[in-house]
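**Student:** Residue numbers (numbering that gives the first Met the number 0), protein chains in the order written: chain A, 0 to 462; chain B, 0 to 462; chain C, 0 to 527; chain D, 0 to 527.
Hints in this document: simulated from the structure, not taken from any laboratory. Where a beta carbon is used, it is the ideal one built from N, C-alpha and C, also for glycine. A portion of the hints provided could be inaccurate.
[To be verified] These stretches of chain B come out as covered by chain D in the derived footprint (C-beta under 8 Å, 3 or more residues):
| no. | region |
| --- | --- |
| 1 | 63-77 |
| 2 | 119-126 |
| 3 | 148-162 |
| 4 | 171-178 |
| 5 | 233-245 |
| 6 | 357-370 |
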Amino acid sequence: MADYLPHTETEVGAMLAFLGLGSAEELFAAVPAALRLAGGLAMAPGEPEPDVLAHMESLADANRAHRLVCFAGAGAYDHEVPPVVRALAGRSEFVTAYTPYQPEVAQGVLQAVFEFQTMAARLAGLPVANASLYDGASALVEAVNLGTTAAGRQTVWVSAGVHPHWRHCLATFSRGSGHQVVEVPLEGGVTRWPDEPGEPVGPGAEPPGVLVVGYPNYLGCLEDLDAARRLADAHGALMVVAADPVAAGILRSPGDAGADVVVGEGQPFGTALGFGGPYLGLFCCTLAQVRRLPGRLVGETVDVQGRRAYVTTLRAREQDIRRERATSNVCTNQTLMAVTAAVQLGWLGTAGLAEVALRCARGTRYLREAVVAVDGVELLTGDAPVVRELALRTPVPAATVVERMATEGYLAGVALDALTGADGDGSVTADDAAHGLLVAVTERRTRAELDGYVAALDKAVRS
Amino acid sequence: MADYLPHTETEVGAMLAFLGLGSAEELFAAVPAALRLAGGLAMAPGEPEPDVLAHMESLADANRAHRLVCFAGAGAYDHEVPPVVRALAGRSEFVTAYTPYQPEVAQGVLQAVFEFQTMAARLAGLPVANASLYDGASALVEAVNLGTTAAGRQTVWVSAGVHPHWRHCLATFSRGSGHQVVEVPLEGGVTRWPDEPGEPVGPGAEPPGVLVVGYPNYLGCLEDLDAARRLADAHGALMVVAADPVAAGILRSPGDAGADVVVGEGQPFGTALGFGGPYLGLFCCTLAQVRRLPGRLVGETVDVQGRRAYVTTLRAREQDIRRERATSNVCTNQTLMAVTAAVQLGWLGTAGLAEVALRCARGTRYLREAVVAVDGVELLTGDAPVVRELALRTPVPAATVVERMATEGYLAGVALDALTGADGDGSVTADDAAHGLLVAVTERRTRAELDGYVAALDKAVRS
Amino acid sequence: MSAAGGRALSAPLMGRDGEPTLFELSEPGRSSWQLRTTGVPDWSEDELIPSGHRRTGPVPLAEVSERDLVAHFTRLSHRQFSVDLGAYPLGSCTMKYNPKVCDTVAALPGLAGVHPAAPASTVQGWLALVVELEEALCAVTGMAAATFQPAAGAAGELTGLLLMRAYHESRRETRRRVLIPDSAHGTNPASVTLGGFQVTTVPSDARGCVDMEALRAALDTDVAGIMLTNPNTLGLFEEDIAAIADAVHEVGGLLYYDGANLNAILGVVRPGDMGFDIVHLNLHKTFATPHGGGGPGAGPVAVSERLVDFLPGPRPVRLGTGEGSPEGGRPDGAGEGRPAHAGPPGAARYGWATPARSIGRVHSWHGNALVLARALTYIRVHGGDGLRRVAERAVLNANWLRVRLAGSYDVPFDRPCMHEVVLAAASLKRRTGVRALDVAKRLLEEGFHAPTVYFPLVVDEALMVEPTETESLQTLEALATAFERIAAEADEEGGLEAAHAAPRTTPVGRVDEARAARTLVPTYDARP
Amino acid sequence: MSAAGGRALSAPLMGRDGEPTLFELSEPGRSSWQLRTTGVPDWSEDELIPSGHRRTGPVPLAEVSERDLVAHFTRLSHRQFSVDLGAYPLGSCTMKYNPKVCDTVAALPGLAGVHPAAPASTVQGWLALVVELEEALCAVTGMAAATFQPAAGAAGELTGLLLMRAYHESRRETRRRVLIPDSAHGTNPASVTLGGFQVTTVPSDARGCVDMEALRAALDTDVAGIMLTNPNTLGLFEEDIAAIADAVHEVGGLLYYDGANLNAILGVVRPGDMGFDIVHLNLHKTFATPHGGGGPGAGPVAVSERLVDFLPGPRPVRLGTGEGSPEGGRPDGAGEGRPAHAGPPGAARYGWATPARSIGRVHSWHGNALVLARALTYIRVHGGDGLRRVAERAVLNANWLRVRLAGSYDVPFDRPCMHEVVLAAASLKRRTGVRALDVAKRLLEEGFHAPTVYFPLVVDEALMVEPTETESLQTLEALATAFERIAAEADEEGGLEAAHAAPRTTPVGRVDEARAARTLVPTYDARP
Ligand SMILES: Cc1ncc(COP(=O)(O)O)c(C=O)c1O
Ligand SMILES: Cc1ncc(COP(=O)(O)O)c(C=O)c1O
């Protein structure tokens, strides 16, 4: 018998007696007998913890990806996470707390989140950040919900440079929310916005209420935010920027370019790759939109004695109070990842974040220069400036390249068709999707690894 | 520049100016110029933490021992240490505290040590336990120091069944303390005490002030503690028992058999194998000896408001107060391991410790029965009852067996000559030392591992 | 002058000061970061980034030493209550003990270090893990298949509602309404709206259950389905569940099970057997994955056979023996969209498949994967027998408290409850002025986290207590005694003032929430 | 009735209660342990253990749930001050920040999981690590070789004294006395006794250094050596060190360097260059390995060329190119006592060797190995340049405090100090009655750990402050301000009473130490 239950048999007996019951089964008298499980769950009996740990270790060992030198990105990056960040963010007080409903005994989480909000907002160049959403995609979906409500229009123009999975999520949820999502295709790696505001984009007749653009976009290219802002203004639309928060360390802030909402994937700030989650949805907006903000927000206030204190605020937006008219349905979010990001950003600091961004850019440049020498490999987005990620075109299918390079010890990148689907989309043609390889170079990649990568690639593309 | 120093260049300048100094070098004016290092340390410059971590990982990877199924013991055992124990004992408040000099802000460590002392004392069957010594060997040395002082005689009879390394340490330190250490040999795996109290043992003319015996002894055999006690009484000597604390979970307690001092190696209680340290010296004694106790002792008391509180006590024994007349020179000890043991013993609890001991005994029995079927392998100590460890005699040198079995994935045990030296000692002959293999079976060893071990042994002993 | 990082007065061990923010601890030029040596040429920013895209200066974060970083967050952790410090009887939240072994599992490099876009041939362990968890949760719920993409309960709800929509649409039916009992959690109505449906609230009856009459009256073919929590948020089992299921199914609606309270019925009764079509589970409740101060969680959605084809994709599947034919749906193979067998032949036993009529993706990747690893660990340790024991002990604890406290607090629905009991301070308030909120704050002074207050909304001055199965009888005794003492003190002279003054032992006293909303300070930079 | 494990009143966040002991939390029949399934036959105790050796019942420990175990020790941790909470300016203890990376290193399975008796062929990484650390410490100290067996400073001292003894004996000299300055740490005289020598105390002069006259007077051929801490425990550098060394060497004595204060001189001056023959280092001080609430530490001993042959053995050595010929001493090979090349030929680059005239073993195994791994990590991050910077900043910090506080406290030796400064409350006490102990307790209320008090013994009302290099100027400012406030308050009306009442903010107030000694309660079972 392996479990974590404290009750001794004697105690169970005494407690049942106190309730006037003869057996544990009687506790469930309210459950109609016909519905009750007769033979117990069709599951193996409990195993001792060490056996289970061994099983989980064997599952972990059955993976290979973590042993490969990582050049995969697409929103999930292999950045340095130092032991100090893991130690602090892993403290059990942060890990095993609930949502800070009782601020008097939750100042730890509240203050850490307040610090996170401050740093996220500074990064975005906007005055407000919330206490986290599930991931980049959900942040985008929430931004579109906010934007359409604010604009009073359901049409959303989304650049095809926004991460394909995020666009897929937007499509999924639009079935419920009723948004008209119109994809604006790329050309030469960047969004081909209509030349004139009036020019139609796709089937959407109504002018857009929201305009979404990536910065950099998912192919690594730098979009013209000013052009997007002008277009948004021309339509009276809100501008949502899906920003890479690490690249933001070196790039002009989206807020500076006039973004109304900035969303992003916060995984790069101290969170493990973890097969895709838990990650961290970043969400920042202008003060004008704060009452439409989805999710939790921590604000500074004082206690009865006038001491500075933190508390979740503008709660009336939230589902537990506003119910069907809430700005969002989010309840449980990714607070621990927000706390982790606060610790990681505290560790990086002003200079460290800039340095990480710069090193990513340097590594990307190095790879870009080296890789064009490989026979048959081309830059998919031509000369477009890229910062921390770049798309290649490989002579054999990219998926094949990835498989081959895995046997050489490299996670070569992400085949574009794994993101877009086999048919490509507004960002790439079907053929480019099949031969497109998205490669990320973080600050952790050494020159030796980059050189090794190029050599392995050279071998892998020979069909 | 990689370090953990907070000073900015501006601050360094301002602080030097405050001191009226022009450079950091001037801080060292008191150091005669002729002695100062001219060119700095002959060492590589600092490296960033991630590089260093990679270096340390490569050193760790250069070891193989941790990947072998462990049948080695000899005082260091592969017991289960669950994640919960590691998490609690690893809390930074315990790890980064100093000795509890200010009890008002050190109740955490003090109470944990008090609980450790209580459990160690219960295990030994004695009323007092200290707050830890370095390891089993140092605990033995301290016990002999205590015993000779108490008895007023320098002669010490030590059973050859006491761990050879501990006896080596005793020999080393006796050069300073001036004890006459007389080794009492084994016969059939157990100590061959003189039949009559008067019968001489070795060269020591003076009757013993201290008598030391292992329980079980290092070959795994159960000694007759009553006989040892009778002999000690006959000489007015103190009896020191070097006990295995896990076996103690199933064996009669040494205190019950009349031990004056019980020492042991506490590593089995939650501490990593760690290439031999840090470990945990256990030290328990009678109330009569408490004022001679080496090292730190935590006692219960009250604070000014009458609240229960803990504090280090009987401090006048210690070196910082008594100086050259202190009972011991120990200062820094192994408190964190004592805290770890408290957590591990709390986790095991009454039933768990007994179960671990029982499972060790079962595994040992299983191996003992299976191993005699291997051609040429014999039990070194014949029919002597063993509990958690047993000595085999292998047809090829034991060291060869160990090397061969390492290539099969087993750490086969400890070759006896690695403990005793090539010439053997009072515990084994030179030939037995060369062919003796000490094998430990902990509760972690599965039947499949035991069967695999026997098969690999069978292969390894074929010369 | 920046604040002193080495001063510990904000640690409750030492004092009652506030902790400076990271920004107040910051000193220009100080730093913690260290990055590996790469040997990559050090091109300047100018050479790398076109000028129009460059920042003018670095993002101002904070500049602190590693030492101060550690001290800051360690002290903050001491200002935070958590399960690891004591009982956390928050109703509807199932704040049970989170086994430490799960932390170890979630940190295994073979799980934590895996990139989500790595090809299937390199993530066989992860795929196997998810499939194993799916099988376990199907066994627990009595459903046919599950998706693990939803990152929390609310995300699961919305996913479930989109499944409901897709199902009806596939039958060319337009149904606009979803029924929700008035005791439901706020996420339910909010999700209904986002799912494009309208909420129809069904009142509770005097026994705290769905009012069958009202339900029947609300049912017609415009009803897409009903969302139920069972046991409901009053801690009561909906005894008429079979009748409810029949009635809803009769009009062609689907039954959605909000699994937040599954803890009560593990191994006792299964949502599938009760007639539910869609179930979301909160792994961060029932399956003991820690709540992280607000998240992450995981909200997998399990469905009955007829909805499997609509599940989000791609999903991990065990591959059949036949070449490239996973058990269900369309095989996506190794890298989502490619043949499954790109690895060494026969090696890949698991792959990806997108169900034929999938509603599409609902997460950037595959959901909160590391949370799933924790949950599977928990489930395997308990097994079928242990999970049943979990439910028994959770229900035993809640009922013990109910009976014990019936003398000092209102028990609005005084009949056997399941895993939680809803008490109320309504009489106490009438008698003494002491409200549920005051009771909550006083409990903090007694060394316990407060219960959930003012929820469910249908109970006046609600105090919703969920002790969970990992608290001992001794803890229940102490908690009950504390509750009783609070009630008794309220009746004393000056009791109201004392209650209002609570909590007095915590690092900050009652917090001015109104001011926080009135003068919004959402970041350090917004401080007046 | 046992105590409630879920009640958190002993966490200072929640209240000021005491924490129940594990034994008070214990309930018969409750448990936490889980052991792996082995499949080994379950023979009974009777079948396994001869009856005369069996216990009559299990050892009574405690019986608690994992949940309560976690709550208990987590709450205890909140009742404990540590470097991670704030400044810890304990003189002579060098309580600097302990980098977290070292915790990661010490937990690496390839280091933590290695059995100490595994053959050399399977522990090449460990052997390489120790050899690398030896080389680094020799570079830092200017010595020829080191042993890593001593588990702490005091063990290093005794080892050093036995080396001294063996050295003299090898020259057939009997020398009975060891000189120790009166400012020395208590371990020095205690170790001298255990080393079989007699202590001759050498007084300090008015400047706080060794009185050269007295030293010369004490020197003769009966002197085995002198033990010095330099900078000494007054934080002062023994400027006459060259003269001292000459004088001691002249009579044939050896110089022992107590390296507890090495932090001050890293990269500035080396004990070897000062003429020392034997050096022990406290890795738990200078090299930032955490102190663990009292230990573990590591006290390696480095020696000059002429003492190398006497070092404890076996010791890790780099193997020469010639077959089986390690660089020095007698090769012990793979498993201590066997040929070094038992592994695949050429694979073993490191082995064991026991010096020719070794004093023998001083540890059960090879010393506190995991502490060594931490120290090497720290050393590599800093490198030669960084270690020098450590010393500069440590000395800078101490002098800043000295100058700043000279107005409010006595500075018995008011000249530039090294890494620590000895202040005194003697005038304060005369003036106000407030003693060093009161200042220490008041500092706790100010959010700082107290300095070392009443040591060194030669200073009346000593307050020995060692800020270390990892505390910032802002922390020094705050600490100094706190010191000043305490002195100022002492001068006020009621100042003495207030000081005696301190600490008032901690979970317990001043503790009755006399009672602890008078009515000894060394275990829970001894409670009256
Ligand atoms: C009854 C009920 N339903 C739904 C939810 C929503 O779950 P989550 O917080 O994971 O989004 C909760 C939890 O808060 C709940 O208690
Ligand atoms: C000057 C001095 N010498 C020796 C020691 C003894 O070191 P350890 O405590 O490691 O035995 C100390 C530390 O307490 C010390 O400060």
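**Student:** Now tell me if each hint is right for this structure.
**Tutor:** So, going through the hints one by one against the coordinates:
1. Counting residues of the region 63-77 of chain B whose beta carbon lies closer than 8 Å to any beta carbon of chain D gives 10, which meets the minimum of three for the stated coverage.
2. Counting residues of the region 119-126 of chain B whose CB lies closer than 8 Å to any CB of chain D gives 4, so the stated coverage by that chain holds, three being the minimum.
3. Counting residues of the region 148-162 of chain B whose C-beta lies closer than 8 Å to any C-beta of chain D gives 1; at least three are required, and the coverage claim is violated.
4. For the region 171-178 of chain B, the proposed coverage by chain D is satisfied: 6 residues have a C-beta within less than 8 Å of a C-beta in that chain, meeting the threshold of three.
5. With 0 residues having a Cβ less than 8 Å from any Cβ of chain D, the region 233-245 of chain B misses the three-residue criterion, and the hint is violated.
6. Only when three residues or more bring their CB closer than 8 Å to a CB of chain D does the claim for the region 357-370 of chain B stand; here the count is 7, and the claim holds.
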